[in-house]
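Participant: In case you want the letters, here they are:
Number of protein chains: 2
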Amino acid sequence: MEYRDAKSKFIQTWGALGSQWGINKTMAQIHALLMVAPEAISMEEIMEELQISRGNASMNLRALMDWGIVYKELKPGERREFFTAEKDLDELAVKISRERSRREIKPALKVLKEVSSIEGGTSSEEKHFIDQTTKLYDFVLKADNVLEKITEYKDNWLTQLLMKFMK
Amino acid sequence: MEYRDAKSKFIQTWGALGSQWGINKTMAQIHALLMVAPEAISMEEIMEELQISRGNASMNLRALMDWGIVYKELKPGERREFFTAEKDLDELAVKISRERSRREIKPALKVLKEVSSIEGGTSSEEKHFIDQTTKLYDFVLKADNVLEKITEYKDNWLTQLLMKFMK
DNA sequence: AATATCTTTCATTTTTTTTTGAAAGTTTAG
DNA sequence: CTAAACTTTCAAAAAAAAATGAAAGATATT
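Protein sequences appear in the order of chains A and B.
For the first sequence, the UniProt record's numbering assigns the number 1 to the initial residue and increments by one for each residue that follows.
For the second sequence, the UniProt record's numbering assigns the number 1 to the initial residue and increments by one for each residue that follows.
Simulated from the structure, these hints should not be mistaken for laboratory data.
Do not take every clue at face value.
Said to hold, decoys possible - Below 30 Å or equal to it, Euclidean Cα-Cα: the simulated DSS-like pairs (lysine-lysine) are: (1) K95(A) - K135(B); (2) K95(B) - K9(B); (3) K154(B) - K164(B); (4) K87(B) - K149(A); (5) K87(B) - K113(A).
Keep in mind the model is a prediction, meaning the values are calculated, not measured.
Work out the full structure: start from the sequences and follow the hints.
Facilitator: In structure tokens form, the structure reads like this:
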């Protein structure tokens with residue numbers, strides 16, 4: 001395979017994968033493009049390479065920066081802004097899991113706590129509801145804690161984790 | 001909060017969460033409904049409770065069954081079909097991660113291997129591409145292995161995992 | 001073998017999400 | 001201060017995804 005084709009295939013695949021994980025296609029594609037770019041690139045270049053509009057590029061770059069996985073870089077003497085992606089994969093994974101925990105898991109936990117705390121009704125239907133949502137709360141809380149612990153292992157957490165299971 | 005409201009809030013929240021994880025809203029809602037139902041329920045009831053059409057219910061139930069997290073149950077003497085969800089959370093999580101690995105991670109790995117194996121070009125751009133996609137391949141492969149190992153711990157894998165980190 | 005009960009399929013419609021592009025906003029330079 | 005060089009915003013358009021519902025398929029019952 002040619003380099004051009006490989007790059008394009010990588011960007012397309014990453015984009016498609018993004019959709020399956022609740023991230024929009026363009027956002028994932030921009031991220032992919034920046035991941036394999038040896039140095040920071042401008043918005044103009046991103047638009048050109050992915051064939052997208054200025055507004056689209058601007059909004060998705062902003063979203064990536066909100067996730068903390070893409071950085072703005074200013075080159076001296078240059079008016080335009082350049083962008084780079086977090087390239088360290090351990091760091092990338094840590095940032096993504098922290099952010100998802102903050103945005104999705106924590107709010108979900110709040111709701112689970114709420115709904116599992118209703119006054120215990122009499123019907124078996126209500127009893128089962130309380131029981132099941134309580135279990136769900138405990139489970140998600142535990143999972144969230146495990147994730148937090150794992151990502152505390154600053155460097156090479158994944159390798160270390162794998163070791164623990166190889167023994 | 002009233003039981004009715006709690007149940008509705010739970011279903012809504014689960015549905016919204018589903019969207020963020022690349023699962024469609026109705027599918028997640030049906031799953032939520034079945035999770036808290038003390039016993040198997042019919043398609044008619046699902047349609048009624050969630051206010052959705054027959055076709056929608058049918059397709060999403062089928063999808064849930066393809067994921068292996070909802071089962072069809074036949075009641076003796078009954079013509080209609082009834083449905084239940086996997087209620088054991090450890091089992092549920094194991095099924096979901098195995099399925100996502102099969103459907104998404106494995107195919108992604110294949111592409112990563114492909115694109116990282118192009119003939120090493122001369123330009124630094126190509127070198128960086130090969131280097132980065134190779135790292136990504138290694139990382140994802142390792143993550144997939146960890147996930148596989150973790151889910152092998154049949155029972156209480158989450159608790160056991162947490163222990164390992166508490167020490 | 002005709003009817004009744006229930007489920008699936010899929011072309012069409014509806015809803016939701018994403019993208020566009022031009023106007024407004026911002027920052028630097030002269 | 002004004003112009004030039006960029007970036008952001010957001011209403012409208014386009015595209016994608018999901019839902020509907022009626023017809024076609026099953027399967028059991030008489």
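Participant: All hints are to be evaluated individually against the structure, with a verdict given for each.
Facilitator: Hint by hint, here is what the structure shows:
1. K95(A) - K135(B): Holds, at roughly 18 Å.
2. K95(B) - K9(B): holds (25 Å)
3. K154(B) - K164(B): At roughly 16 Å apart (the allowed maximum being 30 Å), K164(B) and K154(B) satisfy the hint.
4. K87(B) - K149(A): holds (27 Å)
5. K87(B) - K113(A): Holds. K87(B) to K113(A) sits at ~18 Å (cutoff 30 Å).
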